[in-house]
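Peer 1: Protein sequences, first through last, are from chains X and D.
Mapped onto our numbering, the consecutive letters of the first sequence carry residue numbers 5 to 563.
Mapped onto our numbering, the consecutive letters of the second sequence carry residue numbers -9 to 131.
A couple of the hints might just be wrong.
[Stated by the list, open to error] When the alpha-carbon atoms are kept at most 30 Å apart in a straight line, the in silico DSBU-like pairs for lysine-lysine are as follows:
#, chain 1, residue 1, chain 2, residue 2
1, X, K559, D, K124
2, X, K487, D, K64
3, X, K513, X, K558
4, D, K(-6), X, K482
5, X, K182, X, K538
[Unchecked claim] Under 7 Å between C-beta atoms, here's a sample of chain X residues computed to sit facing chain D:
#, residue
6, V137
7, T348
8, I388
9, I561
Since the hints were made in silico from the structure, they are not lab data.
For each residue, glycine too, the CB sits at the ideal point set by N, CA and C.
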Amino acid sequence: MTRIDEKRKEWEEKCLKPWLEKAGQREERFETLSGVEVKTVYDPADIEHIDFVKDIGYPGEYPFTRGVYPNMYRGRLWTMRQFSGFGTAEDTNRRWKMLLEEGETGLSTAFDFPTLMGVDSDDPLADGEVGKVGVAIDTLKDFEILFDGIPLDQVSTSFTINPPAGIILAMYVAIAEKQGVPKEKIRGTIQNDMLKEFHAQNTLVLPPEPSMKIIVDIFEWGIEHVPKFNLISISGYHIREAGSTAVQELAFTIADGMAYVEAAMERGIDIDRLAPQLSFFFNSHNDFFEEIAKFRAARRMWAKIMRDEYGAKNPRSWWLKFHTQTAGCSLTAQQPLNNVVRTTIQAMAAVLGGTQSLHTNSFDEAWALPSEEAVRVALRTQQIIAYESGIPNTVDPLAGSYYVEWLTDKMEKLAWKYIEDIRKMGDGSMLRGVMRGIENGFFVREISDAAARYQREIEEGKRIIVGVNKFTIDEELKIPILKVDPEVQRRQIERLRKVKAERDNEAVKVALDWLRSAAENDENVMPPILEAVKCYATIGEIMGVLKEVYGTYKKPIII
Amino acid sequence: MEKKIRVLVAKVGLDGHDRGAKVLARFLRDSGFEVIYTGLHRTPQEVAMAAVDEDVDVVGISLHSGAHLALVPKVINYIREYGGNPDEMLILVGGVIPTDDMEKLKEMGVDEVFIPGTPISEIVEFIKTELPRKRMRNESR
């Protein structure tokens, strides 16, 4: 028995036990938000099996547990990137300019549902939804207005877009061209992650197989033409929002990442060329240490996977760089100002976890899209952490904490277990395992069960949500609510009609025919999509061709 | 045995946020209701058709898309058009709904709006007390 073990035994007997007998404790069992049991206290014995040099090490070096850059935020702070968009391109352009003036350092585009689903504003399915949860985009014309006065060689722009991701990337390239910025220089991210749509977020248009094919087309085209652009943002965020645990978020995101890498390698894409253009996107929820552990574990796992499993040679390919958004699902409609505090805790976890960029939610988002005031507080939250808290002044300050190191290792182990199960489903292939898991409802069922468990804990009062099931008050809602102009739909449809009347319809037809033939003959669809976009073909027309060739997808109902 | 209350849980429009709808469906089922879930991305016509075909007592519409003022009245109108009687049903809406819009929805024939964070037990209670009350009110008219 080591001295530590002896000391612990003695402490348990002589100190803890009598104390518990006298004073008791609040819970029988303490656990993280993911249900991992948490002990009273941690000591060196809990991390004995963790080797500092091999498992923790120094930032900027394999396995990158402590961060991808050697000096992290001492060099450059994370990018403060607020997801934002509503109404028409004019409305969003105005909000973006406000955010840039207020010190935001990157743009992030919220599209409305018709755009996300690849239907035009004049489609009957779009009725009532145009410009509601994001900006309405039908053609390149809208993009010209959206980026008016925003030089693409100076900002990086993130696009939360999935089925039409290739179309939006093509539009961005076309705008750069109009601004005289070479496409090799543009920076940004398209989400382009269909796997998590099938698992959780449900922006579903084409079936899984062709969705995957188009994503690999975008990889293949993107590494040649837009080498500074992240071609995918492999997202756990939505998996978590749909109700998963932190462990599931970590495991399924890494599994999806592996599936994409395998799909690219099957196409013959060089992993070391693709890897620097992959990025990740995680949620930051309420359990502070669990989130930090999750981020650290994710980096370590990805480094191992890329180097040891897939044989990437360039150390740069081993990096897991990620965007974080605080947890939308943790926001409460009740006592909305409390959300500022929740968001602060979550944002601190993201920074302590080494995020590359961050979106902080606004306190009013359980009610509507955020007002200007609410967005400003959210951005200020990041700025206070950055400039006042001292947190960014040293790299990975929680390393070495018995609890944080133990929990990082625990998260990793639990995630590996899921990954091995998925690999088994695919007979050794992660790509096939993930596709199989979509087919047989594995992911959806896992997430739904976790969501139900979480809700049950709230219903039973086992999980306290301040202001919701404890510390409630009678209140009148007094916060200002953003109103999207109801005229947006009419104006957007008018603009769409005008564009269609003025464009060269013959050129549009030629481009769309080219796209059809590329899709039918299993060629890369990006060149014809770029051509179609430049002729002002609509998103609905382009997606329409892909739907004709590949068919559409209806998700099986699993409650 | 008393006839089970039949509830249609519906996602209408393009919005794919189904966590709330699915959790609700599960809990209502566990609370003894008969639950039909429409699945995603239904049009107002499809939801109304399901409500009439399945002869439900309660229609619960979940939206996180901001399109509630456009889509919810359509559902109610189509129910009537397809031969159902929305006055005999409870029409409930849940999701991200600003307070001002709650009143408007109620004027359009919605019986109650539930915001994020509403305990499901509260929804269960509401259905059990309000459904007979609403039908009683209609009979006495």
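Peer 1: Are K559 (chain X) and K124 (chain D) close enough, with their CA atoms no more than 30 Å apart?
Peer 2: Not OK: K559 (chain X) and K124 (chain D) at ~35 Å, beyond 30 Å, violated.
Peer 1: Given V137 (chain X) as an interface hint, is the shortest Cβ-Cβ distance to chain D below 7 Å?
Peer 2: 6 Å, holds
Peer 1: CA of K(-6) (chain D) to CA of K482 (chain X), is that 30 Å or under?
Peer 2: 40 Å, violated
Peer 1: Hint check: is the beta carbon of I561 (chain X) less than 7 Å from a beta carbon of chain D?
Peer 2: At 4 Å from the nearest chain D Cβ, I561 (chain X) passes the 7 Å test, so the hint holds.
Peer 1: Taking the least C-beta to C-beta distance, is I388 (chain X) closer than 7 Å to chain D?
Peer 2: It is violated, given that the least Cβ distance between I388 (chain X) and chain D is near 27 Å, above 7 Å.
Peer 1: Given T348 (chain X) as an interface hint, is its Cβ closer than 7 Å to any Cβ of chain D?
Peer 2: Violated. Min distance 19 Å.
Peer 1: Hey, K487 (chain X) versus K64 (chain D), does the alpha-carbon distance stay inside 30 Å?
Peer 2: 21 Å, holds
Peer 1: Given the hint that K513 (chain X) pairs with K558 (chain X), test it: the Cα-Cα distance must not exceed 30 Å.
Peer 2: 29 Å, holds
Peer 1: Check the hint pairing K182 (chain X) with K538 (chain X) against an upper bound of 30 Å on the C-alpha distance.
Peer 2: 10 Å, holds
The earlier numbered hints that this structure contradicts are 1, 4, 7, 8.
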